[in-house]
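Enquirer: Generate coordinates for the entire structure from the input sequences, incorporating the hints supplied.
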Amino acid sequence: METKQFKAESRRLLDMMIHSIYTHKEIFLRELISNASDAIDKLYFKSLTDDKVGLNKDDFAIWITADKDAKTLKITDNGIGMTEEELENNLGTIANSGSFKFKNENKLEEDNQIIGQFGVGFYSAFMVAKKVTVISKAYGSDKAYKWESEGVDGYTISEADKTSAGTEIILEMLDDTDDENYSEFLDQYRIKSLVKKYSDYIRFPIKMEVSHSRPKEQSEEDKEAKKPLEYEDFIEVETLNSMVPLWKKNRSELKEEDYKHFYTEKFYDYNEPLKYSHISNEMPAYNALLYIPSKAPFDYYSREYEKGLQLYSNGVLIMDKCADLLPDYFSFVKGLVDSEDLSLNISREMLQHDRQLKAIAKSIEKTVSSELKKMLKNDRENYEKFWGAFGLQLKYGIYSDFGMHKDKLQELIMFTSSKEKKLVTLDEYVTGMGEEQKYIYYATGESIARIEQLPQTELVRDKGYEILYLTDSVDEFAVKALRQYKDKEFRSVSADDLGIDTEEKKEELKAKEEENSDLLKELSDALSGKVAKVVLSQRLRSHPVCLTSEGEISLEMEKVLNAMPNGEKIQAQRVLELNPEHDIFGKLKAVNESGDKDKLGKYAKLLYDQALLIEGMSIEDPVEFSNLICELM
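Be aware that the sequence shown starts at 364, since it is given in the numbering used here, and climbs by one per residue.
In case anyone wonders, no lab produced these hints; they're calculated from the structure.
Given the structure is predicted, the values throughout are model-derived calculations rather than measurements.
It is possible that part of the hints are untrue.
What the hints assert, rightly or not - Okay, derived cross-link-like pairs now, DMTMM-like style, lysine to aspartate or glutamate, Cα gap no bigger than 25 Å in a straight line:
#1 612 with 635
#2 629 with 389
#3 525 with 451
#4 782 with 742
#5 725 with 691
#6 559 with 620
#7 785 with 742
#8 960 with 885
#9 869 with 885
#10 493 with 516
#11 884 with 860
#12 555 with 516
#13 784 with 799
#14 367 with 451
#15 570 with 595
#16 525 with 422
#17 409 with 449
#18 869 with 825
#19 771 with 791
#20 826 with 850
#21 801 with 783
#22 611 with 563
#23 493 with 541
#24 950 with 870
#25 658 with 774
#26 873 with 860
Unchecked claim - What follows is a set of in silico ranges between Cβ atoms, one per label pair, in the way DEER data are often shown:
#27 541 with 811: 57 to 67 Å
#28 661 with 683: 12 to 22 Å
#29 983 with 541: 51 to 61 Å
#30 895 with 874: 16 to 26 Å
#31 686 with 633: 16 to 26 Å
#32 928 with 596: 49 to 59 Å
#33 683 with 542: 15 to 25 Å
#34 538 with 428: 12 to 22 Å
#35 964 with 661: 49 to 59 Å
#36 996 with 811: 55 to 65 Å
#37 550 with 725: 34 to 44 Å
#38 809 with 934: 17 to 27 Å
In this text, a Cβ means the ideal position worked out from N, Cα and C, and glycines have one as well.
Expert: And the structure:
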């Protein structure tokens with residue numbers, strides 16, 4: 364029997380197939396099952412117009428047989444089969460796709476699920492097999508043929524015995540090595556898991572004889588004697604795939620429990636999702652199931668977390684996590700997308716980035732945004748649960764990329780309000796503003812309790828204005844990126860101008876500063892290098908002192924930036940504000956009038972350290988601070 368050689372370019376491609384093109388060796392089973400499904404599809408298509416076929420859809424199946432002793436794996440189908448010429452053309456010439464040719468010749472519509480396109484998937488078998496045998500009998504033919512190959516050295520074709528149409532592929536597995544365990548692909552549990560992972564939605568049943576153990580029946584005497592149970596093995600035929608994807612079923616035949624069960628089973632989450640969406644889209648064409656989890660995964664806010672949706676092409680898993688289908692700020696979404704129009708690379712493991720993929724991603728982003736807005740409007744309780752788990756990610760989304768996505772996300776964000784200590788949206792805040800209120804006020808701090816003790820909040824609260832409490836490290840950065848909402852500018856309670864005092868009040872404060880200019884200069888000199896200036900405050904009521912800042916960097920932003928690993932030491936332009944109505948200010952004036960500059964300097968340091976502590980910031984010299992308290996008391 365003559366050994367035929369692959370063409371030179373085919374030999375090179377086969378060598379690449381075995382060593383380079385596929386990332387994971389386990390892909391071979393997906394490819395061979397997909398080819399078997401294609402072969403059945405062709406005969407099923409023929410049966411629709413030819414009564415002589417004598418088969419209906421329920422008669423078709425794919426069989427997997429593993430023989431650990433012989434170290435062989437067999438994939439059998441009762442599809443269209445191949446003639447000698449087709450074996451030569453389809454298997455002797457790499458990248459010659461019979462499925463692609465069949466689809467074009469029969470002018471099949473896109474919804475006809477012929478999977479194979481490139482004609483290279485078959486050769487993935489050589490990643491795990493030292494010899495591949497194909498026995499095939501074409502429908503309507505009297506003869507069957509056997510194709511055999513051990514890889515790049517060539518192949519043989521000879522006549523064979525086979526009674527019915529279809530194809531058997533027999534893999535003689537490679538020997539195990541220290542690095543590779545090829546025997547695992549003969550293990551029934553491993554085979555079942557691979558079928559479930561990659562081929563669960565092949566629309567024809569994938570069957571396998573599976574061995575099980577069960578206890579033997581015991582006699583009454585054995586039971587009374589409490590003899591240990593004996594077990595016997597038995598064989599049971601199992602269908603390994605579920606065939607019909609949930610997302611291709613009519614919504615009318617599905618219940619909420621079906622969607623939730625699918626989620627917990629497929630995405631390994633013990634908690635039911637907060638929300639799900641079943642999407643059937645026409646332009647671009649895709650089906651999808653999208654879920655919003657009720658809790659964040661333990662690694663969600665870490666570098667180890669991988670975002671992405673499962674990506675299917677005609678029910679065959681292509682990628683477990685396609686990151687390009689989700690923007691980072693919606694990375695919490697779990698689910699899958701199934702499309703027939705994807706441009707896949709030669710290995711069908713990855714996508715060629717094209718317009719279709721971008722169009723699907725854009726459509727999914729709109730859907731997620733729309734569903735979140737609906738939840739916020741109609742199911743506030745669950746939205747607040749969502750916010751507790753993933754709100755931080757939305758705020759990062761506003762801040763990242765220089766605020767490029769702020770318009771998409773600003774309606775979804777929430778902050779705790781000073782009124783009733785509950786979460787409010789920006790729209791709710793602005794709607795509740797009085798006509799005289801100019802700004803959206805916010806205060807930053809480590810916790811709500813700390814913020815409420817800040818002296819800077821006194822004037823705003825006295826006016827009855829609502830304050831947004833910003834307690835996450837990203838909050839102020841997000842607010843700075845937003846700048847304004849519905850023409851209302853954000854304004855920190857620590858800003859130099861709160862937009863509250865009348866011109867008369869401002870002039871009054873200015874006159875006091877001029878009157879006490881010598882005192883303020885002495886205090887500024889005593890704190891040279893620590894603060895940009897010392898001023899009289901318009902915002903303080905009961906507190907004697909507070910720290911604010913000038914410029915874009917606030918005190919809270921300073922803390923966040925300096926807490927980052929390898930971050931530069933950044934310092935805001937600090938301003939020490941004094942309450943001119945407080946008894947302490949009167950004491951400062953008296954010390955200044957006495958001419959005791961040394962004592963005034965000590966008061967300045969003490970008040971500065973006090974202001975730092977109020978802000979939750981570290982003081983430079985705790986011993987000096989303690990000694991000054993004792994001395995001045």
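Enquirer: Compare the structure with each hint and give your call.
Expert: To see whether the hints hold, each was checked on the structure:
1. 612 with 635: holds (21 Å)
2. 629 with 389: holds (19 Å)
3. 525 with 451: holds (18 Å)
4. 782 with 742: holds (21 Å)
5. 725 with 691: holds (13 Å)
6. 559 with 620: holds (21 Å)
7. 785 with 742: With a Cα-Cα distance of about 16 Å, the restraint between residue 785 and residue 742 holds, given a limit of 25 Å.
8. 960 with 885: Measuring from Cα to Cα gives roughly 8 Å; hence the hint holds.
9. 869 with 885: holds (23 Å)
10. 493 with 516: holds (12 Å)
11. 884 with 860: holds (21 Å)
12. 555 with 516: violated (33 Å)
13. 784 with 799: holds (23 Å)
14. 367 with 451: holds (10 Å)
15. 570 with 595: Distance of about 22 Å is within 25 Å: holds.
16. 525 with 422: holds (18 Å)
17. 409 with 449: Holds, at about 18 Å.
18. 869 with 825: holds (17 Å)
19. 771 with 791: holds (17 Å)
20. 826 with 850: holds (21 Å)
21. 801 with 783: holds (22 Å)
22. 611 with 563: holds (13 Å)
23. 493 with 541: holds (17 Å)
24. 950 with 870: holds (24 Å)
25. 658 with 774: holds (22 Å)
26. 873 with 860: Holds, because 13 Å separates the two Cα atoms, which is no more than 25 Å.
27. 541 with 811: 57 to 67 Å: holds (58 Å)
28. 661 with 683: 12 to 22 Å: holds (19 Å)
29. 983 with 541: 51 to 61 Å: holds (60 Å)
30. 895 with 874: 16 to 26 Å: holds (22 Å)
31. 686 with 633: 16 to 26 Å: holds (25 Å)
32. 928 with 596: 49 to 59 Å: holds (58 Å)
33. 683 with 542: 15 to 25 Å: holds (23 Å)
34. 538 with 428: 12 to 22 Å: For residue 538 and residue 428 the Cβ distance comes to about 20 Å; the hint holds.
35. 964 with 661: 49 to 59 Å: Holds, since residue 964 and residue 661 (Cβ atoms, about 52 Å apart) stay within the stated range.
36. 996 with 811: 55 to 65 Å: 33 Å Cβ-Cβ, so the 55 to 65 Å window is violated.
37. 550 with 725: 34 to 44 Å: holds (42 Å)
38. 809 with 934: 17 to 27 Å: holds (19 Å)
In terms of the numbered hints stated before, the structure departs from hints 12, 36, listed from lowest to highest.
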